[in-house]
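Heads up: the protein sequence lines correspond to chains A and B, in order. Those letters in the first sequence? Residues 112 to 551, per this note's numbering, in order. Those letters in the second sequence? Residues 2 to 510, per this note's numbering, in order.
The reader is advised that the hints may include incorrect statements.
As the list claims (entries may be wrong) - Pairs of lysine-lysine, DSBU-like flavour, derived with a Cα cap of 35 angstroms:
1. B:LYS446 to A:LYS191
2. A:LYS186 to B:LYS385
3. A:LYS191 to A:LYS173
4. B:LYS398 to A:LYS300
5. B:LYS124 to A:LYS284
6. B:LYS57 to A:LYS157
7. B:LYS188 to A:LYS443
8. B:LYS369 to A:LYS154
9. A:LYS375 to B:LYS106
10. A:LYS545 to B:LYS446
11. A:LYS154 to A:LYS245
12. B:LYS166 to B:LYS317
13. B:LYS385 to A:LYS545
14. A:LYS382 to A:LYS443
15. B:LYS124 to B:LYS42
16. B:LYS385 to A:LYS126
17. A:LYS157 to B:LYS124
18. B:LYS57 to A:LYS154
19. A:LYS439 to A:LYS191
20. B:LYS253 to A:LYS439
21. A:LYS375 to A:LYS210
22. B:LYS42 to B:LYS265
23. B:LYS253 to A:LYS231
As the list claims (entries may be wrong) - A few chain B residues that don't get close to chain A, going by computed Cβ distances all over 12 angstroms:
24. THR115
25. ASP117
26. THR144
27. PHE322
FYI, nobody ran anything at the bench for these hints, they're computed from the structure. Even glycine gets a Cβ: it sits at the ideal position worked out from N, Cα and C.
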Amino acid sequence: MEKNIQLDLGYWVQKKAKQLGATESALGINHARSVSVDFRDGKVEKLKESTQQALWIEIFAKGRYSNHSTNDLRKESLEKFIANAVDLTGFLEKDEFRKLPDPELYKGQSSVDLDLYDAKQSDVTADERLRRAKELGETLDGKDDRIISIASGFYDSHSETYHLKSNGFEGHKESTSFTHGASVSMQGKGDKKPEGWRYYRAHHLEDLVDAEQTALEALERTKARMGAEKIPSETMPLLLENSNAAGLFWRIMYPLSASAIQQKNSFLEGKQDQQIASDVLTILDNPSIIRGLGSRYYDGDGIAAKQMPLITNGVLNNYFVDVYYGNKLGWKPTKGGASNLIVKPGLRSGAEIEAGLDRAILVTDWLGGNANPTTGDYSLGVAGWLIENGKRVKSITEMNISGNYTDLLMNLVEVGNDPWVHSSFRTPTMLFDKVNFSGS
Amino acid sequence: MLHMSRRDFVKITGTGLALATLPGFIRSGFANVVPGDNPYKFYFNRFGIDEDMVQKVMAEALHYGGDYCDLFFQNQLSNSIRLQDNIVNSASTNVTLGVGIRVLKGDQTGYSFTEDISLVSMKAAARTAAGIASGSAKKAPQTFNSTKLMNYYDTQVSWEDVGIKDKVEMLQAINEDIFKQDSRVIKASVNFSDSENYILVVNSEGGLATDYQPMLRISAGCTAEENGKRENNYFDYSVRDDINFLTPERLKRLPKEAVARTVKLFEAQTPPAGEMPVVLAAGSSGILLHEAIGHGMEADFNRQGISVFSDMINQKVAEEFVTIVDNGTNPHVRGSINVDDEGHPSQETVLVENGVLRTFMHDRISAKHYGVDPTGSGRRESFKHYPMPRMRNTYMKNGPHKYAEIIANVKYGIIAEQFTNGQVNIGPGDFTFYVKSGSLIEDGKVTGPIKDVNIIGNGPEVLSRVTMVADDMVMAEGGWTCGKNGQSVPVSMGLPSVLVSSITVGGRG
Numbered sequence: 112m113e114k115n116i117q118l119d120l121g122y123w124v125q126k127k128a129k130q131l132g133a134t135e136s137a138l139g140i141n142h143a144r145s146v147s148v149d150f151r152d153g154k155v156e157k158l159k160e161s162t163q164q165a166l167w168i169e170i171f172a173k174g175r176y177s178n179h180s181t182n183d184l185r186k187e188s189l190e191k192f193i194a195n196a197v198d199l200t201g202f203l204e205k206d207e208f209r210k211l212p213d214p215e216l217y218k219g220q221s222s223v224d225l226d227l228y229d230a231k232q233s234d235v236t237a238d239e240r241l242r243r244a245k246e247l248g249e250t251l252d253g254k255d256d257r258i259i260s261i262a263s264g265f266y267d268s269h270s271e272t273y274h275l276k277s278n279g280f281e282g283h284k285e286s287t288s289f290t291h292g293a294s295v296s297m298q299g300k301g302d303k304k305p306e307g308w309r310y311y312r313a314h315h316l317e318d319l320v321d322a323e324q325t326a327l328e329a330l331e332r333t334k335a336r337m338g339a340e341k342i343p344s345e346t347m348p349l350l351l352e353n354s355n356a357a358g359l360f361w362r363i364m365y366p367l368s369a370s371a372i373q374q375k376n377s378f379l380e381g382k383q384d385q386q387i388a389s390d391v392l393t394i395l396d397n398p399s400i401i402r403g404l405g406s407r408y409y410d411g412d413g414i415a416a417k418q419m420p421l422i423t424n425g426v427l428n429n430y431f432v433d434v435y436y437g438n439k440l441g442w443k444p445t446k447g448g449a450s451n452l453i454v455k456p457g458l459r460s461g462a463e464i465e466a467g468l469d470r471a472i473l474v475t476d477w478l479g480g481n482a483n484p485t486t487g488d489y490s491l492g493v494a495g496w497l498i499e500n501g502k503r504v505k506s507i508t509e510m511n512i513s514g515n516y517t518d519l520l521m522n523l524v525e526v527g528n529d530p531w532v533h534s535s536f537r538t539p540t541m542l543f544d545k546v547n548f549s550g551s
Numbered sequence: 002m003l004h005m006s007r008r009d010f011v012k013i014t015g016t017g018l019a020l021a022t023l024p025g026f027i028r029s030g031f032a033n034v035v036p037g038d039n040p041y042k043f044y045f046n047r048f049g050i051d052e053d054m055v056q057k058v059m060a061e062a063l064h065y066g067g068d069y070c071d072l073f074f075q076n077q078l079s080n081s082i083r084l085q086d087n088i089v090n091s092a093s094t095n096v097t098l099g100v101g102i103r104v105l106k107g108d109q110t111g112y113s114f115t116e117d118i119s120l121v122s123m124k125a126a127a128r129t130a131a132g133i134a135s136g137s138a139k140k141a142p143q144t145f146n147s148t149k150l151m152n153y154y155d156t157q158v159s160w161e162d163v164g165i166k167d168k169v170e171m172l173q174a175i176n177e178d179i180f181k182q183d184s185r186v187i188k189a190s191v192n193f194s195d196s197e198n199y200i201l202v203v204n205s206e207g208g209l210a211t212d213y214q215p216m217l218r219i220s221a222g223c224t225a226e227e228n229g230k231r232e233n234n235y236f237d238y239s240v241r242d243d244i245n246f247l248t249p250e251r252l253k254r255l256p257k258e259a260v261a262r263t264v265k266l267f268e269a270q271t272p273p274a275g276e277m278p279v280v281l282a283a284g285s286s287g288i289l290l291h292e293a294i295g296h297g298m299e300a301d302f303n304r305q306g307i308s309v310f311s312d313m314i315n316q317k318v319a320e321e322f323v324t325i326v327d328n329g330t331n332p333h334v335r336g337s338i339n340v341d342d343e344g345h346p347s348q349e350t351v352l353v354e355n356g357v358l359r360t361f362m363h364d365r366i367s368a369k370h371y372g373v374d375p376t377g378s379g380r381r382e383s384f385k386h387y388p389m390p391r392m393r394n395t396y397m398k399n400g401p402h403k404y405a406e407i408i409a410n411v412k413y414g415i416i417a418e419q420f421t422n423g424q425v426n427i428g429p430g431d432f433t434f435y436v437k438s439g440s441l442i443e444d445g446k447v448t449g450p451i452k453d454v455n456i457i458g459n460g461p462e463v464l465s466r467v468t469m470v471a472d473d474m475v476m477a478e479g480g481w482t483c484g485k486n487g488q489s490v491p492v493s494m495g496l497p498s499v500l501v502s503s504i505t506v507g508g509r510g
């Protein structure tokens, strides 16, 4: 859909909602196109191309609220759709906290170009996509006799969204995304077929990690899983690989939200300005990193994106406060959720930290598990390496770590100087003491 | 996304979704048993298409010599409504409409879709999907024959005809009941969602199938506080059924179970750690099967030779009293389907028969690869996705033992009762499932509750360690959703009470 047509439709929907009885409205219109190419063992397995559109609208009518979405954007369908949406809203109960944000919060958007859109995407041809996916997989041909199957792929997309709120907010987001990577299966002991993979994503094609390196990393990660076994239960240090550390931390994002606190489901309630982690942990939410995977100009409420310290030297500085739950709590909104989370790096590399460990487990993969946001208890499946005297001596799998986040965060003893920049959560290697590992 | 391809998971559907009825929506007076001599005419009219259009789109799809093509038309209407902080203060609706076009050349897939069901747009999408092949054009079929199907979810009332006012009152009554159950309750929430999915699949072999797929999910959750400690839990139902499912008895049980499950957690002890016997309680413990064997038996992984079960067909994998099926025909169960998303009738597929591994779950591509009949397991999330072999309702059939006998057999171990999520690595067969609540067993007796513990094991090993199976099989009641290759589909699962002689429990004690 052309830009002006998309935006004009947004204005039309906004006006129609008002005419049909909505006091206020907030809407988004998205148009996205994506192409994916999957190869397996040198042959195209799947080719997929898609173009899609969607409209979603929040209706505020007579103190009541509802939200709706559709992909049928013909005006005759939309008119009926909006009329039904407004009618339905009237049957709900009044909610004094549901209102559009204070327009003051919209002000102050960054004027810096975050560079999330790669104009060169439109030059990528079908042949180039096929070549990229194929060559990435072919890198591993003949590299190891134990390889059973290699899957490789190249995926790109372009997405454009307009946001309109009836009290004056207008926003526009346009971005491109490129992903490539490989998954490798190898013949292990008996019927076991260990697998490993590596995928990288970037807003710009030129920022993707080199294809050969990506494929070789996938192979190395698979080889590392060969012969993995569990070992007896033990309490010992946990060394968390940088690319894997976000898997531990995203579970505390919900307890850090105003919705969890207002609903009394957060073990971090009442902890603002208190020590919740050891003093080596500092996390900054920074929405303005050029080409950052979590970068943005505004959040879901339209609040202008700004830097926000989350944790400084272990002290909790701020919660994620959206407009609705902020209203309920009587708190000033901050931001509805994380953008780019930047962990302040330490002094040593992951390899240096590892070399100094007498006995620990390096966790390189998660497998399932969960955490209780109300109590902070967690129990998570892990795989990785047993480290003795600074060396990886045994590949381990089928083990769990368990405990409470309150203790775990306080037992963080060191962070590395190697943040993983291929994610919106830039975590370095992390070392925790006294973690319960359960195994045989 | 793609890195999920080998890490398939199942989870209980989030409680955030809720809906409201759209009065006077696109559809009216539709009965889910397709009537008349031309049973698919209703669907052709609904999507604004005719045979001639379909033939023209297919001719385009086969223009470059594809072996086969199919068109998957879908229209889904979803509603949800939510109560939080004592008021019914949020509702959502969603409309999905479109057609997916797939072209196969050998085991290669070309796929494209359009949300605009016009001849021009469909032909453009077809031409894109056709690009998987390179050869001379093939002809589209001249006639289409409707597949005769059973109906496993007959309903009397369309969700369109259920007024929002009725739902609002229902949610308010449940909320009141939650607070009446226990004075320790400090927060409650209730979610109600319904949807109606209309699908039409037509293929280049002249096959045609249609289905109307209703779905309901209702959940009640609460947070309770005691001596400064808080706990949260919930209970839910999810079925392919209409409003008549919600009998007064079931509506009464919903808040009761939600509160009982929450306050029980106050008494929970620290779960033990290490390898020990685990009793899987009857019901949603079927998550064990979903992860330990289900995904590994999906034929795409086996066709590619990357599943731990790839070379085990007709081998003994469990005791002879173990029979495991994946069944799409259980009346009104969440994972049931009358027809799969490739147009194959649903069926019961026997994965393990008396301890012997029997049949993979197939889609069209894998069935052709193995030279067998499809098993009705080709499913997709929506018209935006290509089909793959997927589970429906996976469960173990009753065995020869009694529940009491099983408990008495355990010196020290746990019972796993309620679950939130599971995951598996297909190749090595390692899997996990998370136990939200359960109980400790000491000297053959149940001694107290435990909570929040992950269990981790290896599929084939754990199957071989199923040493007792009781005669009390029940299906899960809640809204399970299975994820694979970035696609989510509704599933269910079931299990009689089962003893696994040894598996790793991720506790601390």
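Quickly compare the C-alpha distance for LYS124 of chain B and LYS284 of chain A to 35 angstroms and report which way the hint goes.
31 angstroms, holds
Would the pair LYS253 of chain B and LYS439 of chain A pass a check requiring their Cα atoms to be no farther apart than 35 angstroms?
30 angstroms, holds
Hint consistency between LYS157 of chain A and LYS124 of chain B [alpha-carbon to alpha-carbon, up to 35 angstroms]:
20 angstroms, holds
Verify the proposed pairing of LYS446 of chain B with LYS191 of chain A, using a straight-line Cα cut of 35 angstroms.
Cα-Cα ~61 angstroms, so violated.
Chain A versus THR144 of chain B - minimum CB to CB distance exceeding 12 angstroms, so not interface:
Since the minimum Cβ distance to chain A is about 30 angstroms, THR144 of chain B lies beyond 12 angstroms and the statement holds.
Would the hint linking LYS154 of chain A and LYS245 of chain A be met if the CA-CA limit is 35 angstroms?
8 angstroms, holds
Restraint status (C-alpha distance of LYS253 of chain B to LYS231 of chain A at most 35 angstroms):
Measuring from Cα to Cα gives roughly 59 angstroms; hence the hint is violated.
Next pair to validate is LYS42 of chain B with LYS265 of chain B; report whether the Cα-Cα distance is within 35 angstroms.
Violated. LYS42 of chain B to LYS265 of chain B sits at ~54 angstroms, over the 35 angstroms cutoff.
Please work out if LYS124 of chain B and LYS42 of chain B have their alpha carbons no farther apart than 35 angstroms.
Roughly 21 angstroms between the alpha carbons, so the hint for LYS124 of chain B and LYS42 of chain B holds.
Given the hinted pair LYS375 of chain A and LYS106 of chain B, is their Cα-Cα distance within 35 angstroms?
55 angstroms, violated
Can you confirm whether the C-alpha distance between LYS57 of chain B and LYS154 of chain A stays at or below 35 angstroms?
Within the cut-off at roughly 30 angstroms; holds.
Agreement of LYS191 of chain A and LYS173 of chain A with the hint, judged by alpha carbon distance not exceeding 35 angstroms
20 angstroms, holds
In this structure, the hints that do not hold are numbers 1, 9, 12, 13, 22, 23, 24, 25, in rising order.
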